[in-house]
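Each chain is listed here by its residues.
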Amino acid sequence: METSVSTKQYVILQLGEESYGVDIQSVQGIEKIVTVARVPQAPACIEGVMNLRGEIIPVMNLRKRFSLKQKEHDEDTRIIITRIEDSQVGLIVDEVNEVIELDDEEIENVQIIDNNVDLEYIAGVGKIKDGTSVVTLLDLKTLIEDTLL
Amino acid sequence: MDTSQYMQMFIEESEDNLQRLNENLLELENSPGDLNILNEIFRIAHTLKGMAGTMGFTKMQKLTHNAENILSELRTGEIKVSTELIDILFNSLDALENYVDEIIRTGSEGHEDYTHLIESLNEILEGKGQEAETQDKAAAAKEPISTGEITLPEAQKNVVREAQRQALNVYQIHISLSPNCVLKSARAFIIFRELESIGEIIHAVPPVEDIEDEKFDLDFDLVVVTSHMEDEIKDILMGVAEVDTVNISRVSVEDKVIESVDAAAPAIEEIHQEPDQDEKPKTQSKIRPVASKTVRVDIDRLDALMNLVSELIIVKTQLEGIGASEAEDISYGESIEYLERVTTSLHDAVMKVRMVPVEIVFNRFPRMIRDVSRDLGKEINLIMSGEETELDRTVIDEIGDPLIHLLRNAADHGLETTEERLAIGKTREGTIELKAYQDGNNVVIEVTDDGKGIDIEKIKQSAIEKNVVSREIASKMSEKEILDLLFRPSFTTTKEITNVSGRGVGLDVVKSKITNLGGHIEVETKLGKGSNFIVRLPLTLAIIQALMVQLGDETYAIPLSNIQNIEDIKVSDIQYVQNQEVILLRNEVIPIIRLHEILGVERQEDKETLMVVIVQKGDKQVGFVIDDLIGQQEIVIKSLGKYLSGIKMIAGATILGNGEVALILDINTLI
Chain X
275 METSVSTKQY VILQLGEESY GVDIQSVQGI EKIVTVARVP QAPACIEGVM
325 NLRGEIIPVM NLRKRFSLKQ KEHDEDTRII ITRIEDSQVG LIVDEVNEVI
375 ELDDEEIENV QIIDNNVDLE YIAGVGKIKD GTSVVTLLDL KTLIEDTLL
Chain C
599 MDTSQYMQMF IEESEDNLQR LNENLLELEN SPGDLNILNE IFRIAHTLKG
649 MAGTMGFTKM QKLTHNAENI LSELRTGEIK VSTELIDILF NSLDALENYV
699 DEIIRTGSEG HEDYTHLIES LNEILEGKGQ EAETQDKAAA AKEPISTGEI
749 TLPEAQKNVV REAQRQALNV YQIHISLSPN CVLKSARAFI IFRELESIGE
799 IIHAVPPVED IEDEKFDLDF DLVVVTSHME DEIKDILMGV AEVDTVNISR
849 VSVEDKVIES VDAAAPAIEE IHQEPDQDEK PKTQSKIRPV ASKTVRVDID
899 RLDALMNLVS ELIIVKTQLE GIGASEAEDI SYGESIEYLE RVTTSLHDAV
949 MKVRMVPVEI VFNRFPRMIR DVSRDLGKEI NLIMSGEETE LDRTVIDEIG
999 DPLIHLLRNA ADHGLETTEE RLAIGKTREG TIELKAYQDG NNVVIEVTDD
1049 GKGIDIEKIK QSAIEKNVVS REIASKMSEK EILDLLFRPS FTTTKEITNV
1099 SGRGVGLDVV KSKITNLGGH IEVETKLGKG SNFIVRLPLT LAIIQALMVQ
1149 LGDETYAIPL SNIQNIEDIK VSDIQYVQNQ EVILLRNEVI PIIRLHEILG
1199 VERQEDKETL MVVIVQKGDK QVGFVIDDLI GQQEIVIKSL GKYLSGIKMI
1249 AGATILGNGE VALILDINTL I
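Residue numbers (my numbering), protein chains in the order written: chain X, 275 to 423; chain C, 599 to 1269.
I should point out that these hints are in silico values taken from the structure, not numbers from a laboratory.
Even for Gly, the Cβ is constructed at its ideal location relative to N, Cα and C.
Accuracy of the hints is not assured; some may be wrong.
What the hints assert, rightly or not - Derived DEER-like restraints, expressed as beta-carbon distance ranges:
#1 X:GLU379 / C:GLU918: 50 to 56 Å
#2 C:GLN1178 / X:GLU359: 43 to 49 Å
#3 X:PRO317 / C:ASP1151: 42 to 48 Å
As the list claims (entries may be wrong) - SDA-like, lysine to any residue: derived pairs with alpha carbons at most 20 Å apart:
#4 C:LYS1236 / X:GLY328
#5 C:LYS1236 / X:ASP368
#6 C:LYS1058 / C:HIS1011
#7 C:LYS1111 / C:ASP995
#8 X:LYS338 / X:ILE396
#9 C:LYS1240 / X:SER300
#10 X:LYS345 / X:GLY328
#11 C:LYS1240 / X:ASP368
What the hints assert, rightly or not - If you want the footprint, here are the derived chain X segments under chain C, 3+ residues with CB under 8 Å:
#12 310-318
#13 322-334
Sequences and hints are given; from them, build the entire structure.
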């Protein structure tokens, strides 16, 4: 199978009404919600640490990170396990929908969005379904390291 | 050619060989006539040289080669062992160690040539006439960077002059074979043949016979008369397999030294750049983190592991059988019990694999004490015992520096000078004892000297002068408390600073290092009789005994080593000192800390009695209020990872039986 150089795959996740995409290269797996041990004095968006097959990894609640209203975990709640360089981080999201392919032309730069939005961790906006719908593409490295380092 | 796969092996074996060289050299110093030791040293040095050469570390190879020359003269009895000689050899070993360190760090041997060492090595040989001299020259010529030093014999010079008259080109060609080359003489033969087809070889270093007998390392120099240009020659030679580099420079006879023609100069520059700076790092950059940690494991331990794993498989099969046959619970219970036994033993076995004897660290101390004793002009006898005591690899790696510090302290501040010793009727030779032994779940390492001991009054005065403590407090302090002042930052009682110790970085650094390892240090002393530093270290860092406690609906682990006891305290017994809750327990005032508040756990209604865990750090005691005790448990410490490493009061996390995570409290930062 040959994939064109400019096409990338994105895991599409849901937070409330909004869809976000993360580069599949940095996604290691998707887990159902498990018990997370709270860590005192950790940043507010860090829900705690979880046990992923013997590894302890921090878990970030994306709703908290984006200052959205909190929502009870339910059937659809997932933890996306991401790996940035050598460190893993879990991201709690409302649900994970699908994996899509986007090529460069379908990704818009983000300057168009107004100033109130923190653009640092937004890699772009992807147009899906023939341009009828959009997803916000997240730059995971910036998102995670800005919060935790 | 890629030698990276051998890199790890090279590093380990070189470290080993250097260590053995150190040990043997020490022995040689004590019994200078012993030919066996000398032979052993020679043999190891030779191996080391060969390995360095194979890996392409030419500088390291060159230095070893020069040291080997001396050794070989020692062997034939041409030179006698002297302290100066041993010193130089030791310095060479240090330089070689530096090379190895550099290789571990960067994958290349660096640019340090240690020319002064090579010079002093050769100075020793100097008195030894021409033979040694030419050997040196040959050695120098083998080093690619120092090409251009070939001195042509008079007869050959005439040939060159003749050639120049005929407008033929005379080149010096420096050829390096690839380190992987197996049949070096065969390669050299091919090279000779190629060159002879285009010109005439008039001189070779080393001599042609030696090259044919493979008596050369990887490179050799030829002087060739030819009508061809250097580019053509280079092309031809690079066409020969397993030739690594070819350096060509023009020979002119006027100055009897070889001079590079202008046109050739940049070319040589380029060639030099390539093999020495660019190429090597390139092949080795792939293996940049060269210093991955390894442990040598006794094969018996691996066998034990293997057996346990086979037992695990048996249990698995049993359990599968139960599932399939619906046979009743008896065998199920048995299998689980079996499984439990196997996992416990498996755990032990894996831990044992990580254990290494402290010998690895102790080994380098005799050499160090020898140097220190020479520096200080004191006679020191180092007695070591318990080298076989085992510690976790991670602890071993960290314990070296603190121990060096303690030993140096003992030698420098502890022991008196020889004159002082004789004056007070002590033996001429001072004794430092280094001993390791296991004590329960700890390993104890003691550094004892029979020197002057520590003057407690002097410490007290010094502490007051330096405003470490006030005069009143000092007068109330116990001996032990005063001795503990030694471990405070920048506290040193020596007046003058020596090379050996007393540079302000003192026992506080030792202490913090040991504390970081989960151990602790104390000192006992008798004025005039000597001091004893006692270091206690946990057997392993990965697994600890912990008390599991409940706070709200969260579970935390408190390392058992920190815990003194657990008390039920009546709320009515709590008193206040400056707004701080304290309790009076066996005549000691102990502050109470509500863990709920610190950890942000919702606090429950105070019951009539509180459960309090009394923990200790040094002489300080603190009571932690908890909700409930779960019990004592052996836990495996896991790190929280780099993102959460900033949280100081949590030492790590562990996974509980039910798969959930419990955090481990770091008592040192909580108190």
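How the hints compare with the structure:
{"no.": "1", "hint": "X:GLU379 / C:GLU918: 50 to 56 Å", "in the structure": "holds (54 Å)"}
{"no.": "2", "hint": "C:GLN1178 / X:GLU359: 43 to 49 Å", "in the structure": "holds (44 Å)"}
{"no.": "3", "hint": "X:PRO317 / C:ASP1151: 42 to 48 Å", "in the structure": "violated (22 Å)"}
{"no.": "4", "hint": "C:LYS1236 / X:GLY328", "in the structure": "holds (9 Å)"}
{"no.": "5", "hint": "C:LYS1236 / X:ASP368", "in the structure": "violated (29 Å)"}
{"no.": "6", "hint": "C:LYS1058 / C:HIS1011", "in the structure": "holds (17 Å)"}
{"no.": "7", "hint": "C:LYS1111 / C:ASP995", "in the structure": "holds (11 Å)"}
{"no.": "8", "hint": "X:LYS338 / X:ILE396", "in the structure": "holds (16 Å)"}
{"no.": "9", "hint": "C:LYS1240 / X:SER300", "in the structure": "holds (17 Å)"}
{"no.": "10", "hint": "X:LYS345 / X:GLY328", "in the structure": "violated (28 Å)"}
{"no.": "11", "hint": "C:LYS1240 / X:ASP368", "in the structure": "violated (26 Å)"}
{"no.": "12", "hint": "310-318", "in the structure": "holds (count 7)"}
{"no.": "13", "hint": "322-334", "in the structure": "holds (count 9)"}
Hints 3, 5, 10 and 11 from the list above are not met by this structure, while the remaining hints are.
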